[in-house]
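Once you have looked at the hints, place chain W on chain Z.
2 protein chains.
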Amino acid sequence: MKFRTLAIVLMATLTSGLCVAQTAVVEDFKPSTCNQPGQEYPQVNSQGYARFRVIAPNAQSIVVSLGLGGAKGGTPLAKAADGSWMGTTAGPMDEGFHYYHLTIDGGVFNDPGAMNYYGSTRWESGIEIPAHDKDFYALKDVPHGNVQQILFPSKSTNTSRRAFVYTPAGYDKNVKTKYPVLYLQHGWGEDETAWSNQGHANLIMDNLIAEGKIKPFIIVMTYGMTNEAKFGSIRSFTAKPFETVLVDELIPYIDANFRTIADKDHRAMAGLSMGGMETHAITLARPEAFSYYALLSGGIYTPDELKGKASPKLMFISCGSRENPDMVKKAAATLKEAGYNAVSFVSENTAHEFLTWRRSLKEVAPLLFQ
Amino acid sequence: MKFRTLAIVLMATLTSGLCVAQTAVVEDFKPSTCNQPGQEYPQVNSQGYARFRVIAPNAQSIVVSLGLGGAKGGTPLAKAADGSWMGTTAGPMDEGFHYYHLTIDGGVFNDPGAMNYYGSTRWESGIEIPAHDKDFYALKDVPHGNVQQILFPSKSTNTSRRAFVYTPAGYDKNVKTKYPVLYLQHGWGEDETAWSNQGHANLIMDNLIAEGKIKPFIIVMTYGMTNEAKFGSIRSFTAKPFETVLVDELIPYIDANFRTIADKDHRAMAGLSMGGMETHAITLARPEAFSYYALLSGGIYTPDELKGKASPKLMFISCGSRENPDMVKKAAATLKEAGYNAVSFVSENTAHEFLTWRRSLKEVAPLLFQ
Numbered sequence: 054m055k056f057r058t059l060a061i062v063l064m065a066t067l068t069s070g071l072c073v074a075q076t077a078v079v080e081d082f083k084p085s086t087c088n089q090p091g092q093e094y095p096q097v098n099s100q101g102y103a104r105f106r107v108i109a110p111n112a113q114s115i116v117v118s119l120g121l122g123g124a125k126g127g128t129p130l131a132k133a134a135d136g137s138w139m140g141t142t143a144g145p146m147d148e149g150f151h152y153y154h155l156t157i158d159g160g161v162f163n164d165p166g167a168m169n170y171y172g173s174t175r176w177e178s179g180i181e182i183p184a185h186d187k188d189f190y191a192l193k194d195v196p197h198g199n200v201q202q203i204l205f206p207s208k209s210t211n212t213s214r215r216a217f218v219y220t221p222a223g224y225d226k227n228v229k230t231k232y233p234v235l236y237l238q239h240g241w242g243e244d245e246t247a248w249s250n251q252g253h254a255n256l257i258m259d260n261l262i263a264e265g266k267i268k269p270f271i272i273v274m275t276y277g278m279t280n281e282a283k284f285g286s287i288r289s290f291t292a293k294p295f296e297t298v299l300v301d302e303l304i305p306y307i308d309a310n311f312r313t314i315a316d317k318d319h320r321a322m323a324g325l326s327m328g329g330m331e332t333h334a335i336t337l338a339r340p341e342a343f344s345y346y347a348l349l350s351g352g353i354y355t356p357d358e359l360k361g362k363a364s365p366k367l368m369f370i371s372c373g374s375r376e377n378p379d380m381v382k383k384a385a386a387t388l389k390e391a392g393y394n395a396v397s398f399v400s401e402n403t404a405h406e407f408l409t410w411r412r413s414l415k416e417v418a419p420l421l422f423q
Numbered sequence: 054m055k056f057r058t059l060a061i062v063l064m065a066t067l068t069s070g071l072c073v074a075q076t077a078v079v080e081d082f083k084p085s086t087c088n089q090p091g092q093e094y095p096q097v098n099s100q101g102y103a104r105f106r107v108i109a110p111n112a113q114s115i116v117v118s119l120g121l122g123g124a125k126g127g128t129p130l131a132k133a134a135d136g137s138w139m140g141t142t143a144g145p146m147d148e149g150f151h152y153y154h155l156t157i158d159g160g161v162f163n164d165p166g167a168m169n170y171y172g173s174t175r176w177e178s179g180i181e182i183p184a185h186d187k188d189f190y191a192l193k194d195v196p197h198g199n200v201q202q203i204l205f206p207s208k209s210t211n212t213s214r215r216a217f218v219y220t221p222a223g224y225d226k227n228v229k230t231k232y233p234v235l236y237l238q239h240g241w242g243e244d245e246t247a248w249s250n251q252g253h254a255n256l257i258m259d260n261l262i263a264e265g266k267i268k269p270f271i272i273v274m275t276y277g278m279t280n281e282a283k284f285g286s287i288r289s290f291t292a293k294p295f296e297t298v299l300v301d302e303l304i305p306y307i308d309a310n311f312r313t314i315a316d317k318d319h320r321a322m323a324g325l326s327m328g329g330m331e332t333h334a335i336t337l338a339r340p341e342a343f344s345y346y347a348l349l350s351g352g353i354y355t356p357d358e359l360k361g362k363a364s365p366k367l368m369f370i371s372c373g374s375r376e377n378p379d380m381v382k383k384a385a386a387t388l389k390e391a392g393y394n395a396v397s398f399v400s401e402n403t404a405h406e407f408l409t410w411r412r413s414l415k416e417v418a419p420l421l422f423q
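Chains as they are written, first to last, in this note's numbering: chain Z, 54 to 423; chain W, 54 to 423.
The hints are simulated quantities; they were obtained by calculation from the structure and are not laboratory data. What you are looking at is a predicted structure, and each value in this text was computed from that prediction instead of being measured. Treat the hints loosely; a few may be bogus.
Derived DEER-like restraints, expressed as beta-carbon distance ranges [as the list claims (entries may be wrong)]: (1) E264(W) - D81(Z): 53 to 61 Å; (2) K208(Z) - K382(W): 30 to 38 Å; (3) A309(Z) - D186(W): 27 to 35 Å; (4) N402(Z) - K231(W): 47 to 55 Å; (5) N402(Z) - K293(W): 46 to 54 Å; (6) K266(W) - D194(Z): 37 to 45 Å; (7) D316(W) - P90(Z): 32 to 40 Å; (8) R339(W) - K226(Z): 20 to 28 Å; (9) N402(Z) - A309(W): 36 to 44 Å; (10) E390(W) - T210(Z): 53 to 61 Å; (11) M380(W) - G223(Z): 47 to 55 Å; (12) P90(Z) - K389(W): 34 to 42 Å.
Note that the Cβ used here is the ideal one computed from N, Cα and C, for glycine as well.
With the rest of the complex left out, here is chain Z (with noise of 0.2 Å):
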């Protein structure tokens, strides 16, 4: 208990010299939504001020990777004589959810304080910075779907995969109804808990069907990194394997275990970054299995590339203002003028990071299956 009492001095004290070179920061810090159980640190402010506090007397130093306006840099923490270790970011972060880990005495660990979420193919530790919008991914007291875990047989890998379906309220009571389905895939190093976890994609969801703004549909999320002989490396990626796996398995094992319309017309794909990299490959390599594609931050089509090929019903293109927002609205505006429905949309202040596809999810849903 004297450790505690000693620990606030020192923050108010510590907290009090930061303010002196920091007139602007409010001194509103509230431990993250991305804490784990019980914990104080990180805390963000209602500016946006990310603050940091870990414990480890005897290091030498510790970097926390996030800095001023997103990940580049870092913020180094201080050691306070109660032996943590504190630091607050030299300014606001940008809205959202953001990954990050310490560099502990040269070392890669996580915060002790924060959840893990599975990126840059390791664990890492998310923060997030309440975003101006953030109610429509908000938990509401709303009829909610839920989020299953299956196990699907894959003959081309060998192995029982796994993926993530959403099903949306009321499908296991409306036993005769059945639903489209929207493929939706992770970025490079993520997995397929990331649309959940990170991506909140089922809230999403039931905030839409509560309001009245979609259809409900089910979202199906599988891991899209099968080439794993060179485990984690871009370079060695192609999307062929998991097209194999997407098209000819989990497909087939999903509209036989799940209420689908088991058509073209009502199967959608999307994915992020790397995700939308394949997206951009699978819905052209096999056009005969879907109707909607979405690309969020993962590239764009072309009219070259469609021609000779049955029209999508819609073609979806994202990103976020930090990113290339000229080149997706550009993309949309040149496949509207060769005839084809093409939508974009460019989330505002933020970058390549999960805020930018959560508001992507959002736009592209009342989209799909119409």
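Then chain W, alone, in the frame of chain Z:
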């Protein structure tokens, strides 16, 4: 802080003493099955020794919380010329799953090589020492049930609460079949993810069903530490708020949303450790709700407690041989003498850890709903 340093020195001394006896270590180490994808360390050999390797070139000391024969003591790592820290347990570990963490320069962190599991009120690193009977919880080419996350409304706690529901293979196809339900609780400091992640409850069920050893039933797993005002404190723990959540909110929700046989004779409750204490308290307080009771390393029933109440169809009481097996056997014998159907089970060569509870689930499942 000095205490920690002293502790590290003492541990190092103790271990180096033990190392003298360590001549027979077989050099067939392989990555642990609990490792993060692509990670080479930690490793386990055929004798049950665990070897750790952590990169932190400028650290002063790194100690792994696991040591000889379980969680007692620890394994200090030594610095190699390449800046990595390596170390091997002073002896073989118990078979099964162990939580652990690293103490780096006096601070508690997870091993970046290992997956994380919620235990001790934090996401801890985990390692698996392959058990001689590991086949019963292995992922096999059999029909798989699904584990789905549900969010159920709870008026008593004013939240949407999370539970995981295991539905056996065929649940979605056999739309007229109704199933009994086991409510299965985690231990102190764990949460509703434990029985699927650490416990492999779904795989244990898949395998038992595939072998025809049990009739399929549903398992429901939710968070049992509802008195979160004093988060994580076992002393402030009482089962009463959870009794309300479980019996008055979750059970009606499950019966309304899944195809259950919604009566006492087709409902069981089991829990490990603190979850056993909850099971004990709630089955006795609400005898109208359950007919099958199981305490896994979580105390016993006595005939006195049961006097005047309807006799349950089964009381199953288990623990590891390194816990208090005599108490468990004697309790079952006393209950039998008093005319109750009581069964005891002792897991050989395991302590208060998850292999004890995996084996207990395998043993109790065939006795339920007979």
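Verify the CB-CB distance for D316(W) and P90(Z) against the hinted window 32 to 40 Å.
The hinted range 32 to 40 Å holds for D316(W) and P90(Z), with Cβ atoms some 35 Å apart.
Is the distance from the Cβ of R339(W) to the Cβ of K226(Z) consistent with 20 to 28 Å?
holds, 27 Å
Is it true that N402(Z) and K293(W) lie within 46 to 54 Å of each other by Cβ?
holds, 47 Å
Taking 34 to 42 Å as the stated bounds, is the beta-carbon spacing between P90(Z) and K389(W) within them?
Holds, since P90(Z) and K389(W) (Cβ atoms, about 41 Å apart) stay within the stated range.
Range agreement (Cβ of D186(W) with Cβ of A309(Z), hint 27 to 35 Å)
With Cβ atoms ~33 Å apart, the hint holds.
For the range 47 to 55 Å, tell me whether the beta carbons of M380(W) and G223(Z) fit it or not.
holds, 48 Å
Do the Cβ positions of E390(W) and T210(Z) conform to the proposed distance bound of 53 to 61 Å?
Since the Cβ atoms of E390(W) and T210(Z) sit about 55 Å apart, the hinted range of 53 to 61 Å holds.
Do the beta carbons of N402(Z) and A309(W) sit within 36 to 44 Å of each other?
holds, 43 Å
Using the C-beta atoms of K208(Z) and K382(W), is the stated range 30 to 38 Å upheld?
48 Å Cβ-Cβ, so the 30 to 38 Å window is violated.
With 53 to 61 Å as the target window, see if E264(W) and D81(Z) comply at their CB atoms.
The hint (53 to 61 Å, Cβ to Cβ) holds, given that E264(W) and D81(Z) are roughly 58 Å apart.
Outcome for the supplied range 37 to 45 Å, where the beta carbon pair is K266(W) and D194(Z):
With Cβ atoms ~42 Å apart, the hint holds.
Given a hinted range of 47 to 55 Å, is it respected by the beta-carbon distance of N402(Z) and K231(W)?
About 51 Å separates the Cβ atoms of N402(Z) and K231(W), which means 47 to 55 Å holds.
The structure does not agree with numbered hint 2 stated previously, though it agrees with all others.
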